[in-house]
Every structure is written in C-alpha cells, then in structure tokens.
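These protein sequence lines are chains A and B, in that order. Position 204 of the first sequence, counted from 1, bears residue number 204 in my numbering, the numbering being contiguous throughout. Position 934 of the second sequence, counted from 1, bears residue number 934 in my numbering, the numbering being contiguous throughout.
Note that these hints are calculated values from the structure, not bench results. Treat the hints with care, since some could be wrong.
Claimed, not checked - Keeping only pairs whose Cα atoms sit at most 20 Å apart, straight-line, the calculated DMTMM-like set for lysine to aspartate or glutamate is:
#, chain 1, residue 1, chain 2, residue 2
1, B, Lys-695, A, Glu-73
2, B, Lys-9, A, Asp-117
3, B, Lys-695, A, Asp-57
4, B, Lys-957, B, Asp-876
5, B, Lys-771, A, Asp-14
Small disclaimer: the values here were computed from a predicted structure and weren't measured.
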Amino acid sequence: MPDFVASTVTKEFDTPAGPLRILDGISAELERGQNMAIIGDSGSGKSTFLHIAGTLDSPSSGTVCLMGSDLTELNENQLAQFRNENIGFIFQEHHLLPQLTALENVLLPMVATNATDSNSIQRGKDLLDSVGLSDRLNHRPAALSGGERQRVAVARALIREPILLLADEPTGSLDQANAEKTGQLLLDLQSQHNMILICVTHSSKLASVFQNNKRLVDGRLAAV
Amino acid sequence: MNRWQIAIKSLFYFRRTNLAIALGVAAATAVLTGALIVGDSMRNSLRELTLERLGMIDELMLSDGFFDQSLAETLRETSEFKESYTLASPAILFPGGTVQNSTDSKLRAGQVTVLGITPKFWEFEQDQKSNRKELDENSIIINQAVADDLQISNAEVESGSAKITVRIPKRNQLPADSALGKKSDLIESIVDLTVVQIVPMTGLGRFGLYPSQADPYNVYVSIQLLQDSLARSVLTHKSDSAQANIILISGKGKTLPTEINSEKLRQALRPSLEDLGLSLKRATQTFSIENNETTIFDYWSLSSARLVLSDEVAQATETAFPTARPIFTYLANDIRKSETDSGIPFSMVAAVDFDNAFEPISALTGNPIAPIQANEIVLNQWAADDLNATKGDSVVVTFFEPETTHGAQKEKSVELTVVDIARLTEPDKAFRVSRRGQISPAEFKQCPTLANDPNLTPEVPGVTDAQSIENWDLPFDTAGKIRPQDDDYWGNHRTTPKAFVSLAMGQELWDSRFGNVTSFRIPISAGSKGDVSKKLLTQFIEDDAKLGLHLIQIKRQGIDASSGSTPFDFLFLALSMFVIGAALILVSLLFRLGLQQRSSELGLLKAIGFPQTQIRRICLYEMASVSCLGAVAGVSLGMGYAWLMIFGLKTWWVGAIARPFLTIHISPLSLGIGFFSGVIICILTIAWALRRTRKQPVHLLISGQLESPETHSSKTRKTSLAIIGILAFTAVCLTATATQLAGEAQAGAFLGAGFLILASLLMSVYRVFKKSDQLHSSGRLNLSRLAIMSFQRNPLRSTLTIGLVAVACFLIAAVSSFRLTPSERGTAGFEWVAQSSQPIHYDLNNLEGQKLALGSENQLREGTEISALRLKPGEDASCNNLYQSSQPRILGVNPQFIQEFDKGEAGRFAWSASLASTELEKQNPWRLLDSPQPHAGTAEDPIPVVIDKNTANYSLKIYILNTVKQIDYDSGESIYIRVVGFLENTLLQGSLIISEQDFEKAFPTIGGYQYFLIREQATPANGSESDIALLEERLSDQGFDARRADVLLANFMSVQNTYISTFQTLGALGLLLGTFGLAAVQIRSVLERKKELGLMRAIGFQRNTLAKMVVLENAWLLIIGLGIGIFSALFTTIPHWLVGTASAPWLELSLMFSAIITVGLLVGFYASRIISKTPLLESLRT
Ligand SMILES: Nc1ncnc2c1ncn2[C@@H]1O[C@H](COP(=O)(O)OP(=O)(O)O)[C@@H](O)[C@H]1O
Ligand SMILES: [Mg+2]
C-alpha cells in the first residue's frame, strides 16, 4: 500500500439551503519522496481537501491513510498526536505566535508532547539555518518580514520530521521573489527529508515544478 | 521551553488584555473578601464589646432574692472553686433604677442599672491600671452615659457639687400581684449622693447583663449603702442585713471556664435556707403544772419569705420528709353567720388536714375533731362565741381573690357549715412585743390546746410582727372595721387561726400562680434544725430544684450572642453575590475578548498536534496566573473596601449599628477564603468560556472564528425555549412562595425570583440575537438596524454586556424598594410608647387608678386610652441590637387589648402573616393569643406568641409560623413558645408578645405593668403633651418614660434603611463594573471591526455616520440592559409592595439610571472617537 492514500473522499457541508457537496470522491496515492501540486479555482475545495488530508477536518465519506493507518478511525487525541508526529502544515498566513521568538515558534510543536531539550533546540537552530534565518533566532514575528515569517512557519512544520507536509497557498501572500524562493525551499526540503508534499497553489509556475500536477474541478481531481 | 513558559510569555505579551481580566478578578475577589471582612469585623467587634462589658467576669451567680454576702466567701473556699476560678465577689444589682440630678430635677434617666459594689468589684476590670475612687455612704460613681443624660461635668465632680438621687425598687418579698402584696411605696429613694467619679464607657463602665452594643446607664454605690437602705424593707426578714443578690465570678487565665467546671461550681454552692428565702422555725408549746411538763406541740415549721412556698420547694419537702404536712393559711376579710349583718374582720383561716402525724385539734368536749369535709368549717372557741355560732350553723367567709390585676382587689365569699368548735385556751398573759420587735409568747395558766398555735400562719413582715392590728402594713384599709375584741384577740393569740377548713378546700379557694402551701409542719423527730435544713438542701440539689439561685456563664453567652443577628451576614453576602456575578460576567467577557484575538493561536496549536487538554492547560496556566495576580490585588482592595464600609458604618450609616463601636478585624481565614474563592470561580468561568471553543473546527479557529454561528436546529431552539420557560415559571413560583415567607427568607426568595427572571430575559435576548436570518429577512436597512445587527456578530458577547448592565440596574432598583417608611399600621394609631423602670400597679384607664397613681387632684383627659402591658425584662431583640438574642423581652397583653382590635381595619397593626383560621382571627389575629386556659409553656403545650417579623428573622432566627422554640432565662424560667403571627415593621419590635394569662403562668412573680401604649383621642387645647407630661412627672419615681410612637418606629426603620444604603453602594460598585465592561466591549468591538468600518468608509459612509452607529449600538445595549434590569426589579418588588411596605425612592432611582445612561453613552462616544481618529487606509490594511 502506498504511504499516503486518499480514497473516494467526499465532503458535504450543511447549509440552510441543504447539503452542499464540495468534494465528490477524491482519490490520490503518494509514496514518500513524492510531491503533488493542486491548483483550482477559488472555492473549489482545495483547502477543504488539504484539511481532510491533514486530519483538521473529517471527510463525509471515504478514507485517508498515512503509513498504513486509517486516519478516519482515530479519536481526537490520537489525531492530535498523529498530526504532531507525522504531519507538517504551512498556511497562507504564517500564524506565528507573536509572544514567542522565531526559534520558540519553531520549537512549539515539540512542546505539545514534551518540553524542549538541547537536541530539539539544536534541531530548531539547524532548521532556521537551513531556511536562511540563522541570524534571526531571537526575533519576534513582529520584527520579521513576510517572507521571513513564512520561512519560520516552514521550519516549524519540519521540526517533528513529518512524513506528510501540507502547504495551503504558502506563497499566496508573498511577493514574486519571495514566493519563488519559498517554493523552491519547500521542494528542496521535501526531497532532503524524504517527505510527501502536497501543495495547494494558484501559481501554475510553481505547480509546474512538482512531480504531480492536479486540478480540482467539480469536487474531483483531474490531471492538468 | 515548556508549557509553563509559553503561558508566562503569553501572560506578558498580552498584558493589556490580561490586566483587564485581572482587574475583573480583583473586583470579584475584593467584593467577596470585603463582605467577609465586614462580617468578621462585626462579629469580632461585638465579641470584644462583650469582653469589655464583662471585664474578667466570666460567670455570675444571680438570685431572685437576697442571700448572705458571705456566700461568696464560702464559695471561694470550695475545692471546685479553687480548681478553676480565681475571684468571687458579692454585689447588689438593680436593673430598673432611676436617677435624677439633684440640682435640676428635670434631668432624669430611667432604666439605670444600680450596682452596689465592694472595692473588689474593680478587680474584675481588664485594665487594672484604671484607678477608681473609693465609695462611702454618701458617694456614687456614674458612667459617662448617665453623666451625659444628667448633664454632669467632670468639673462639677471635682468640685464635689454634683449630686444625684437614686431610686431603686424596694420590692417586697410578697409578690405585688398577690392579695397582700403592696402596690405602692415600692421605691426607695437615696437622696443627694455626691458623684465622686465619672467612669468612661469602657471596661466595667459598660457592665451589663444583656448583650447590646448600645451604651448602658450604670451607677455604682457601695454595697453597704444599699444594704442599709433596704434593711428596713426588703431585708427585714433576714437575720443579717449584709445581703447581696449577685456574685461576680472570674475564672483562671484567659480561657473561659468550661461548662463542666461551671456545673461543678454550681453543685458546690451551699446556700442556707435563708439564702433561698426560706425559714425553718421550731414551733413549740409546752405547759407545766407542778413541774410536770407536757408538750402541746413541737414541730419544725418551714415557710417562705414570699408567703407561699413554690411548688418545687413543696415537692422537695414532701420527698425529704414523707411525714411533713402542708398548711395553707389565708386571710379572711370577714367571717359572719349567714344572714347577719356583722362579723369578725380579718381572721386567719388555716386549711390543714389533721391526721396521724399531728394530732387533731380537740373539740369543746375534748374529743378529737373528725376530718373536715368540703364546704365545712371548724371555728375556734373565740370565733364561735363572738359570732354566737353553734354546730350546724352556716357561716359566710369573705376573702380577697389571691391574684390581683391593676392592683384592684376583688372580694369573694363562700358559705360553709360549721361542723365543730375547736377548744381554745385564753392565755393568762398576752404576747408582748418589745421595742426591737422581739415577740415573747403568751403565758398560760391553763393548758393550751393544739389550736393555740399562731405558728400556723407564716410570718409576713409588717403584719405578723405588728404591735397591734391597726399597725398592719397592708395594701388595703383595715381601719374602721376593727373592734376592741379583735385587738384583744391579736394581743392574746396574734396569728392563731380562728377557723379551719380542709386542705383541699383551702387550696381550691385560694390557689394562685404563686403556689398553694404556706408552710410545712415537719415532725421534731426528723432531727435538729441543722439536720432538717441539711436534708432539705440536699434534696433541693438532688431534685435540681431551681430555687432562685442561678449560676450563669455570662461571658460564654455573650460571646455566643456576638455571632450576630445582623442582617449583614446574610444580606450583605447575598447582595454581594450580584456584584460578584457582575464581576464574573466581566471576567468572562474580557477573557472571551482576549481569546477572540488569539483564536488562530488556538487553531495553530491544534493543527500542530497539541491535544485539547494541553491547549486548555496552557490557557489555564496563563489564566491561573492572571487570576492569582488579580486575586492578590483583590484581597488588598477588599481590605480597603471593608475599611471603607466600616468607616461608613461608623459615620454616615451609624444608624445601622446604633453606636460607632466597629473596628476592622481581618482574619487570615477570610483573606484565604476570599483569595481562593476568587481564583477558583474565575478559573471556572474561564474554563467554561474555553469549553465553548472545544468543538470549533481547527481551520475555522485558524481563520479567526472562535465560535461558529451555531446552526440552530429546531431541537436546540426548543431546549432553549424550554429553559426560558422553566426559568420564568420558577421565578413566578418563587414569588408566590415569597409572599408566604418572611424577612430574610422572603427577601431572599424575591431576589432569587428576580434573578431568575433576569436570566430568562437574557436568554431570550440571546436567542433573538442568534436568529439572525429572521432579522435580515426584512431586507430594509438603516443605521439603527445595522447597529442592532452588529450584536448578532457575537450574540453571547452582546448578551453578556447587556447582562452586566442589567444586573447592576436590578441590584440598585430592587434593593431600594426595600426601603421602609413609618406607617399608620406600624403604630396602630398609638401616639406614645412608654416604659417604666418599676412596675405600676394601678389601672390608669379609670379614675380610681389615676387618683392612686397620679395623686387625687390629677386625672387624665377624656379619651386618653392607655394599654398597659406586662413586661418580662430581657434582651432587646429589635434590629437596634446587633447581638443575637437568646432571652428576649416578653410583653403580656390583656384581653381588653386583644378585643380592642376586633373592630377591624382602622387602627390595627400591620400583620405580615398569621395562623388565623376563623373569621374572627382573620379579622383580628391577636385573637390567636386567646385561649380558655393558660398554656403550660412546655414542648407539648407551647405558649402562642406574636413577634415582629424582623425581630423573629434577624434576632431569633425564626422564619416560619408555627415554629416552636425554647427560651431559657437566666432567672430560671424556661418556656416553649409557638409563633402564631408575625407583625410587619411595627413599634412592637424587639419583644415577644404573649397573652397576659400565659404571662402570669410563666412568670408568676412578675407583677404590675411596665410597658404602655397610649392613644390620645382628642388634641388638647393647651399643649398637646399635657397628659404625657403629667404621667411622666407623677410617675417619675417609677421611671415612667414616654416616647412618640412614630419616632420610635422611624428609628427602628432607619436601621433597615441604613442597611439598604450600604447595599446600594454595592449596587453602585456593580454599576462601575458594568460600565467598565461596556467600555471594554465597545472599544474591543470597534478595534475588531477596524477593517469593516474602514471598508464602510471606503464605500462612502461618513465618519460621523459610523460614529453615530457605534454610539447607537452602545445605546441599544444600555437600553436593553436597563430594561431587563428594571423589569426584573419590578417583578421582584411588585409582590413585595403588595404584601409589604416597599416604596421606591423614585427620584434617587431616576438619578441613578440617568447616571448609568450618561456613563454608557460617554463610553460609546469614546469608542466612536477611535474610528474618527484612525486613518482610512490604515484601518483597511490591518
Ligand atoms: N464550514 C463550511 N460550511 C459551508 N460551506 C463551507 C464551509 N467551509 C467551506 N465551505 C465552502 O466550501 C467551498 C470550498 O471552500 P475551500 O475549500 O476553502 O475553497 P478553496 O478551494 O478556495 O480553498 C467554498 O465554496 C466554501 O463556501
Ligand atoms: Mg483555500
């Protein structure tokens, strides 16, 4: 079985006007080391799919399996732990905690299960180094530029060495130069850490560098 | 880095929001701590006042009569005393004295405690340094309160020119209400005593038996002076005038003697029979002819100084000496043969059963007389001769009824058949009374008989020791009736009975509440005098008979009472709850606002795999720190707040506590309770707010949506509707119940109902806010609508804000309607209330009585009606006394008083509730006190009482009708009462009211009337107070003191009204919190909507328009909150108006509410200014 399997995932939302089907049987399979870009119109359900893939939301039907375990069968606390250990998120907005420094923000996922030790701190520093922020360790988010903040968020996503890295329009709020830089960084880190990367993006330029390239239309994934 | 560190970093980073939350916590903690400290201070101050009032006096031995002062010394010698006590000192205490300034007789004070003391008295002073002048026969020490009333200055004292006259009761040993009891001349005046010192109102300067924070009137004279003054009256029957009526006792060290110690001491007390008012005399008559002495009679006679032996003594005597025989001798005013017009005046008639223990008296024939049957009488030889009566004749015996009311004696007659004539020997030499009052017996040439026994009549000082009949000191006229032969009889036979009836017959005719035995004959074979008295005293101890000596743990009682009766404890905390509630709403609001800001933080933590429990923990760590900081500040604020309250109670609101005696007392326990309660309830509030975010999907949290607009399924809609319905229904039920309750319970129920209504209204508002689609549907939009719609953005927040305002309004409006104003129905049309220090025995309603009481030339005006009530002195249980009372004052109302209210509505008291069932009782609930027979006052047959509602609730802790309660008096009486009616804020506050017949049964020894309700029908032409002035002047010796009824009532009410003022300040505090919350919410909400408002400006809204919208929003929140608060308050108070006497101070209220609106609007303007100040682009960018 492939490392990541989404099979016939559907998602419906209840609205006052009746159920609204956003995802209509999405299937995808990816092995470690593979990456996939999803493009699609705004409102087509890309974020919804990513949330389901990352266990932030549950599908109306269908299953999501990572490394052989069916994520739809886990309870809330198990999911939290699973997410913590195996999944990394990068959002369009960086969502750094303003009260913490860059390094602390990167280390935050470690605190979920444990306090940080010298190993993890070193790892955090290395990661920030690898995203080019070794001289910004103790800056608060307010003192970082947009691109820098997003790179901290990338480092934070990698601190637990996840298997699955999910990025929802990671470059959406960045300028051209920063966007390209960040996109490339993601792909580099993905292959370097042998992860699965699913990235939602508007930019077909960015999408084109990905191994797989899909478009979400009418609730289904179609080849581009 | 760990979770704590994250929490701490957040704490500092979001310090602005957290500071606001901490302030909310501080407010809640401060109010709670403050309330606790005020309660503590009240209790502690009362306690300290008790300790001060009693100095080192831990216990008191009180006596109904007088005992030899050496009893204190004998007590000190006992091992039980030495074990746990140190000091014991005798004293004389008269609670009902009056004093008068000798130089200006207008300056008087009644209800003065006159203390006859030894120098040892001052050793009981806690503060030994204070130096007291020595007292001699002509000097007196007074306390500052007396000095103030009599206008005596220290300068006058130093120059020795301050002189006062003291009047004390000269209470005869005979109960004044008995036929022979004296009705007048019961006051002993001690004139022109020089005041040598004025003692301050500290320490023993405020000594008193009953706990009260009000200043007592005390004067101190030497015990010797009182003993000398009373030697010829009260103390005549004592073998020695060195008597006391109280022993002050001090325990060891600081701790109180235990109850076991006290009981041991009581058992160790060995009073003599004389100390108990009993006398044991050998009655003996011998006759010798030719050195051959025969004994005619020889026995021990046990009698009482009170003429009649109490049931307990009678019982103990019969147990100790089964062969002892009772005698009941009574005074017959007249004995005559039927249908004749002259008879023998003033004869003793003895009711006695002759049997084997004592030989029967002999008839003329020398044969023993057969036992006398009912309606039979045996005359002695002298009487038979005088009446010319023989066997078979019928005679009429006339006598006074044994009990009198209003001092009017009623005569009664009985017709009896002469069954035999008893032989009586005329003496050779008559009795002789020496100058010193020593009586030497008559001498006989011929053998006297058993009937020659004057000892069958108990001693009555002033009567049995009189030189001649004319000298009898009796409350009725004897002159004019006495014939020469009666004087001869008195000379020859003195008190020897002229007739005999059976014991049963006598007891039937003359039984009274005082008893039905005058003496016991104990056979001489029982032993020596010492043996007999010892056996009797042992029996008393064995029976645990209450013989008028009571050892009371006065300090323990006082300390128990200082746990307080104050409405403070309950009401203060209850009303504080509302303020605390407001503070909690504020905490919750502020916390939500903070959380809102950090919604995406919560989402992110969730996304990166923090389990829910950990997220909560991080939040709670942070909030716990905030709460702790807030609570620490709150505790200090609370101390300040309590200090301010106490300062207020000592100054502006001193009416509530009568005297500024309060000092702040801060117990670590209260601080601890305040701190931890503050922290815990705040954390719970926060946890509740957090819980609501638990179910929110992560991606929504991340996008900043803390709570999703709940899809209201028809199910949740129905549940919420059901809850609203249940709340409203419960509120209505509670109000209905409340009308049946009284006092604290009623106020509590009303407030509870109001609170429920408030909650249900708020829930309704919440529901409406959530039903956003319906409001949208009309499609019409204007500014006001936009404002209202903004509430739907965050229904809960809006509702909480409204709640905050509503609670404050509710508190202020509800509390102020509990204000009282004196009403006609509080006084029942009585214009004056008077109390006398000494009982008055005359009926002031008829001319006869007025003549006797006021002097023959004086009389009261037509139409002045005086209701005289009996009074059992006790603690003032009205709201003027902050101590809890265990021995309340009792008033006894006579049948006329009860009947007077039959006529219906006009001029009746306001009743809060009663057990009335019949038409008559409903018309006049006083009828509930009526019964054919007096009640026994036992648990099975409790005495029905009427009490003022407030007295019952606050002081006696009685809340519902039909409550049965036991009341033990230090004077030994123990009665059970049953509450049959509550009066509502009347001038009868502070007393239990029972019927006169129950009063007489329960307190047989209390005679006369001491409490008066006076109606003046017509307004007199010359000076409206003339009647009252006349009464006060003529009865000044009795300390008759009248006060205007409406003034007295207003005084009572001012206490409650003062409490209300303090509670209103609490309301103001709630309001402050409300405003604070409102400001926080508004500012926050504007900041949150910067983008949106910016956009509105971009599309063409003017700044002013937007500002107007924000102000409107604010106004809407205020108006809805105000409306809900006032509506709930009305709901609470309208029933209260219907059943009670609530009246709202409209002006004050409208001012208060205008203030609320003004402040609220100001906040709105401030918030709107933020909009106008923010540049358009900046607000769009962020
Ligand atoms: N909780 C929800 N309730 C109803 N509709 C939703 C909800 N979340 C998302 N949607 C709808 O689902 C659709 C897909 O949203 P999303 O996945 O965010 O689109 P995008 O492809 O732009 O990321 C949108 O039309 C949105 O309106
Ligand atoms: Mg999206």
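Verification of the supplied hints:
Among the hinted pairs, B:Lys-695 with A:Glu-73 is consistent with the structure: their alpha-carbon atoms are about 18 Å apart, no more than 20 Å. For the given pair, B:Lys-9 sits about 18 Å from A:Asp-117 by alpha-carbon distance, which is consistent with the 20 Å threshold. In summary, the hint linking B:Lys-695 to A:Asp-57 is supported, as the alpha carbons are separated by about 12 Å, within the 20 Å threshold. For the proposed pair B:Lys-957 and B:Asp-876, the alpha carbon gap of about 15 Å is at most 20 Å, so the pair holds.
Distance restraint check for B:Lys-771 and A:Asp-14: the Cα-Cα separation of roughly 17 Å lies within the 20 Å cut-off, and the hinted pair is therefore satisfied.
Going down the numbered hints, you'll see the structure goes against none, and every one checks out.
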